[in-house]
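Colleague: Chain residues, written in single-letter form:
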Amino acid sequence: AQSVTQLGSHVSVSEGALVLLRCNYSSSVPPYLFWYVQYPNQGLQLLLKYTSAATLVKGINGFEAEFKKSETSFHLTKPSAHMSDAAEYFCAVGGGFKTIFGAGTRLFVKA
Amino acid sequence: EPEVTQTPSHQVTQMGQEVILRCVPISNHLYFYWYRQILGQKVEFLVSFYNNEISEKSEIFDDQFSVERPDGSNFTLKIRSTKLEDSAMYFCASSEWTGNTGELFFGEGSRLTVL
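Residue numbers (the working numbering), protein chains in the order written: chain Z, 1 to 111; chain D, 1001 to 1115.
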């Protein structure tokens, strides 16, 4: 069975500060990992995905994530937070006919 | 840009009533999904659908739930006899193909409130 755990249900950063959202996965097979973002009253939108081609994955809006097999992690980062980044972020592991989501981390950005 | 559309955006119903949530997936996509998100909780997989049959379903997707693709464009989720705990946001998603790299495209959700 596959699963993901997101550490921290809420993260607060100042505008311009580094964003770090943590995700650890569990998988018995090589995982395929995703980060999705959900803005208020909207559906989920793909930020980036890891499909084993490269361990450092770049996504939209300046986000990137690094796959670390030794740590079973896929943390999401952005060097400089913007007010528009305030949203809920979901880490997910995919495979077969379903994708399993983590509990989500709500990002707050302070001016 | 192609998108997944869902109707209604919000539905209020009485406990025990039947509800049908509708989705129009992206036209060239072959795989369809329903997820739900109870307020404040994680996004939970309900069911996936391909080639006019269920591919996989979770333990949540019991006999009160059913899915259907009644025509070439719509994909529906029916809840036969709603319970209070069915109150949630229901998301439809579609993907061009499945497999490990299949990106899901989500609709904006249908909020179901059961009174």
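By construction, these hints were calculated from the structure, which means they are not laboratory data.
Just to be clear, a hint being listed does not mean it is correct.
Unchecked claim - DSBU-like, lysine-lysine: derived pairs with alpha carbons at most 35 Å apart:
#1 58(Z) <-> 1078(D)
#2 1078(D) <-> 110(Z)
#3 69(Z) <-> 1083(D)
#4 1078(D) <-> 68(Z)
Stated by the list, open to error - Listed below are several chain D residues computed to face chain Z (Cβ distance under 8 Å; list not exhaustive):
#5 1048
#6 1097
#7 1103
#8 1104
#9 1108
#10 1109
Please read these numbers as outputs of a predicted model, since none were measured by experiment.
A virtual CB, placed ideally from N, CA and C, is assigned to each residue, including glycine.
Colleague: Checking each numbered hint in turn, tell me which of them this model violates, lowest number first.
Modeller: 1, 2, 3, 4, 6
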